[in-house]
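Chemist: The lines below spell out each chain.
Number of protein chains: 2
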Amino acid sequence: MKRSICQGGWFLFVAIGLAVMSVVTGHGADSATPKSPTMADLLKASKPGDWRQLDPENTLYMDLTAGRVIIELAPTFAPKHVANVKALAREHYYDGLAILRAQENYVVQWGDPEAEKPALARKIKTARPTLAPEFDRTWEDSLGFTRLPDGDVYAPEVGFASGFPIARDPKAGRTWLIHTYGMVGAGRDVALDSGGGAELYVCIGQAPRNLDRNVTLLGRVIQGMELLTTLPRGTAAMGFYERPEQRVPIKSLRVVADVPVAERIPLELLRTDTVLFQQLVESRRNRRDEWYHVPAGRIDISAVPLPVRPVGK
Amino acid sequence: MKRSICQGGWFLFVAIGLAVMSVVTGHGADSATPKSPTMADLLKASKPGDWRQLDPENTLYMDLTAGRVIIELAPTFAPKHVANVKALAREHYYDGLAILRAQENYVVQWGDPEAEKPALARKIKTARPTLAPEFDRTWEDSLGFTRLPDGDVYAPEVGFASGFPIARDPKAGRTWLIHTYGMVGAGRDVALDSGGGAELYVCIGQAPRNLDRNVTLLGRVIQGMELLTTLPRGTAAMGFYERPEQRVPIKSLRVVADVPVAERIPLELLRTDTVLFQQLVESRRNRRDEWYHVPAGRIDISAVPLPVRPVGK
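Protein sequence lines, in the order shown, are assigned to chains A and B. For the first sequence, counting from 1, position 131 maps to 131 in the working numbering; every step adds exactly one. For the second sequence, counting from 1, position 169 maps to 169 in the working numbering; every step adds exactly one.
Excised from the complex, chain A in its bound form (with noise of 0.2 Å):
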């Protein structure tokens, strides 16, 4: 038999088309009991209302020549950088820009090229060149908070709300989005009124959580991360490529809404407020596959899958 690591701890990214159960069931997945689910077991006996369609307003398609990248955007966070990302988006101004950066267990960062040159940058029109930064928000009860049992190294509460990742921090009454794999932010200058959308990065490798409250996140990438992870890393200061010719070309980053029905990927996403992620949690932390000897017993938010399947499998 082959020696194997058990199957891997993300599901994040199902490729469309395929069976959505078969990224989950590796080695051991069949012998569990039924008193410790899986999660293969969990999705496999979900409901549909323990899953939430996107969004067509608040998600973008990002298509490269090698494919497309599915990112929901996180509007209860960051309303005015979403506004404005979707503005950006509306007025074409990502098309025909590049990724410009791959820097190894880092970040994938997109933008203007000629963004340092005013004669040859990209005019913005409409949409704004810069914000005020959205790095915390007002704590809510309304925003609902599936918070984990074991703690966090950097935030006083970690858990997951609308979906998204975050902390919370009780006594201040504030909450914000924390920078996990996958995590969508608008990339800033030294002044913390720099950023604003035109500029976007993606998180590639370990959660770079010492970013947290430092740059405003305002989506996740649910689809076609391995098209960003596996891009050639940049060889200049930062992982910026050296060359124009290595920078990797965006054909367009629209907004879902505005993409015809036919052409759209209907996607759905594991509600985090239900008794069947909380489960699913219980069922990460101790892994009960026939394959592991120590359950870990804990789990940190960012080894939590958030599942995303073709609508209605």
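Hints are supplied without guarantee of correctness; some may be wrong.
To be verified - Simulated restraints on C-beta separations:
id : chain 1 : residue 1 : chain 2 : residue 2 : range
1  : A       : PRO232    : B       : SER252    : 38 to 44 Å
2  : B       : PRO56     : A       : ASP273    : 24 to 30 Å
3  : B       : PRO48     : A       : GLU114    : 54 to 60 Å
4  : A       : ARG68     : B       : LYS251    : 31 to 37 Å
5  : B       : VAL261    : A       : GLU114    : 46 to 52 Å
6  : B       : ALA236    : A       : ARG68     : 19 to 25 Å
7  : A       : GLY144    : B       : PRO310    : 50 to 56 Å
8  : B       : ILE265    : A       : SER36     : 33 to 39 Å
9  : A       : LEU120    : B       : PRO56     : 48 to 54 Å
10 : B       : ALA236    : A       : PRO232    : 39 to 45 Å
11 : B       : ALA191    : A       : ALA132    : 56 to 62 Å
12 : A       : ASN286    : B       : ARG90     : 29 to 35 Å
Said to hold, decoys possible - Taking lysine to any residue pairs in the SDA-like style, the calculated list, with each CA pair at most 25 Å apart, reads:
id : chain 1 : residue 1 : chain 2 : residue 2
13 : B       : LYS171    : A       : LYS251
14 : B       : LYS80     : B       : PHE145
15 : B       : LYS171    : A       : PRO149
16 : B       : LYS171    : A       : VAL294
17 : A       : LYS251    : B       : GLU104
18 : B       : LYS313    : B       : VAL261
19 : B       : LYS44     : A       : ALA236
20 : B       : LYS80     : A       : HIS293
21 : A       : LYS117    : A       : ASP189
22 : A       : LYS171    : B       : ASP150
23 : B       : LYS47     : B       : GLU282
24 : A       : LYS171    : B       : PRO295
25 : B       : LYS313    : A       : PRO149
26 : A       : LYS171    : B       : ARG285
27 : B       : LYS47     : B       : PHE145
28 : B       : LYS44     : A       : ALA237
29 : A       : LYS80     : A       : ASP258
Hints listed in this document are in silico derivations from the structure and should not be mistaken for laboratory results. Idealized CB from N, CA, C, for every residue including glycine.
Given chain A's structure and the hints, the job is docking chain B onto it.
Modeler: Here is chain B on its own, set in the frame of chain A:
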């Protein structure tokens, strides 16, 4: 000015020939005050005694068509597995085998594609096909321990010993290597003693800490990670490549002591048992670079950089 995310938290994989400091001098590094040195400042001020040279007897070169991956072995924590991997390398077991699996945000794994077909599988001569696990070991004070101050979601204590990330349970008197980015382990099947090093994996994404104490770790990639992380992801279950031609051939995997001196790449690593290293951890807990608005004040073990550079640079 270019909107960016400040310089990466990762310094691990310094290209040979690249001035080591260039990697960490991005925005704001120049503005650090003398009272709060950046990592670049600290490395610039380091003394020769702050570094240790790789031991050729405990370093591997894995040569791919695309370049060289360098692995430091950890005989202190997995003595039998390290000895067996070296024995396998010395009987040329790995030469001509292939990378078989690349799973998004999880692992890259290599071994014998025909391992499941006894008639075709490569014969192991002097080495052992399998070994008893070395998931953890007895704690001894002689191991040394640079403990991190901010705790850990998974283990009672975490820090560094012999340059490797470890966990420690003082009550149980046990210690173990942990799964962070770049760590190398011996794949196994369901049976705990089915590993041994004939199939090896590297962690390429968010630290899969749920694997700790479930599989034997035996080393860490210290250069060439980008050759593994940028590989196309496999589309079969668990990220295995579906077709033989998708596999990535291994030209050779050698113990550096067996490589002619002229062909070696002399590297040194920052020691983790020094005052300088503690200062580096502190500097990464509280980033004072001009770009940072809120220093995290804390650090996860998976985010601590372990600098590597050409000898004498």
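Chemist: Next, verify each hint and record whether it holds.
Modeler: Each hint, compared with the structure:
1. A:PRO232 x B:SER252: 38 to 44 Å: Violated, at about 24 Å.
2. B:PRO56 x A:ASP273: 24 to 30 Å: Cβ of B:PRO56 to Cβ of A:ASP273: about 55 Å, so the range 24 to 30 Å is violated.
3. B:PRO48 x A:GLU114: 54 to 60 Å: For B:PRO48 and A:GLU114 the Cβ distance comes to about 44 Å; the hint is violated.
4. A:ARG68 x B:LYS251: 31 to 37 Å: At roughly 35 Å between Cβ atoms, B:LYS251 and A:ARG68 fall inside 31 to 37 Å, so the hint holds.
5. B:VAL261 x A:GLU114: 46 to 52 Å: Holds - the Cβ-Cβ distance for B:VAL261 and A:GLU114, about 48 Å, lies within 46 to 52 Å.
6. B:ALA236 x A:ARG68: 19 to 25 Å: holds (21 Å)
7. A:GLY144 x B:PRO310: 50 to 56 Å: holds (52 Å)
8. B:ILE265 x A:SER36: 33 to 39 Å: Between B:ILE265 and A:SER36, where Cβ atoms are some 47 Å apart, the hint is violated.
9. A:LEU120 x B:PRO56: 48 to 54 Å: Cβ of A:LEU120 to Cβ of B:PRO56: about 51 Å, so the range 48 to 54 Å holds.
10. B:ALA236 x A:PRO232: 39 to 45 Å: violated (24 Å)
11. B:ALA191 x A:ALA132: 56 to 62 Å: About 58 Å separates the Cβ atoms of B:ALA191 and A:ALA132, which means 56 to 62 Å holds.
12. A:ASN286 x B:ARG90: 29 to 35 Å: Given about 40 Å between the Cβ atoms, the range is violated.
13. B:LYS171 x A:LYS251: This hinted pair is violated, its Cα atoms lying about 57 Å apart.
14. B:LYS80 x B:PHE145: holds (22 Å)
15. B:LYS171 x A:PRO149: holds (23 Å)
16. B:LYS171 x A:VAL294: Given pair B:LYS171, A:VAL294 holds - Cα atoms ~17 Å apart, limit 25 Å.
17. A:LYS251 x B:GLU104: Between A:LYS251 and B:GLU104 the Cα gap is close to 24 Å, so the pair holds against 25 Å.
18. B:LYS313 x B:VAL261: Within the cut-off at roughly 19 Å; holds.
19. B:LYS44 x A:ALA236: holds (20 Å)
20. B:LYS80 x A:HIS293: holds (20 Å)
21. A:LYS117 x A:ASP189: holds (15 Å)
22. A:LYS171 x B:ASP150: holds (20 Å)
23. B:LYS47 x B:GLU282: With a Cα-Cα distance of about 18 Å, the restraint between B:LYS47 and B:GLU282 holds, given a limit of 25 Å.
24. A:LYS171 x B:PRO295: holds (19 Å)
25. B:LYS313 x A:PRO149: Since the Cα atoms of B:LYS313 and A:PRO149 sit roughly 46 Å apart, the hinted pair is violated (cutoff 25 Å).
26. A:LYS171 x B:ARG285: holds (22 Å)
27. B:LYS47 x B:PHE145: holds (21 Å)
28. B:LYS44 x A:ALA237: This hinted pair holds, its Cα atoms lying about 17 Å apart.
29. A:LYS80 x A:ASP258: holds (20 Å)
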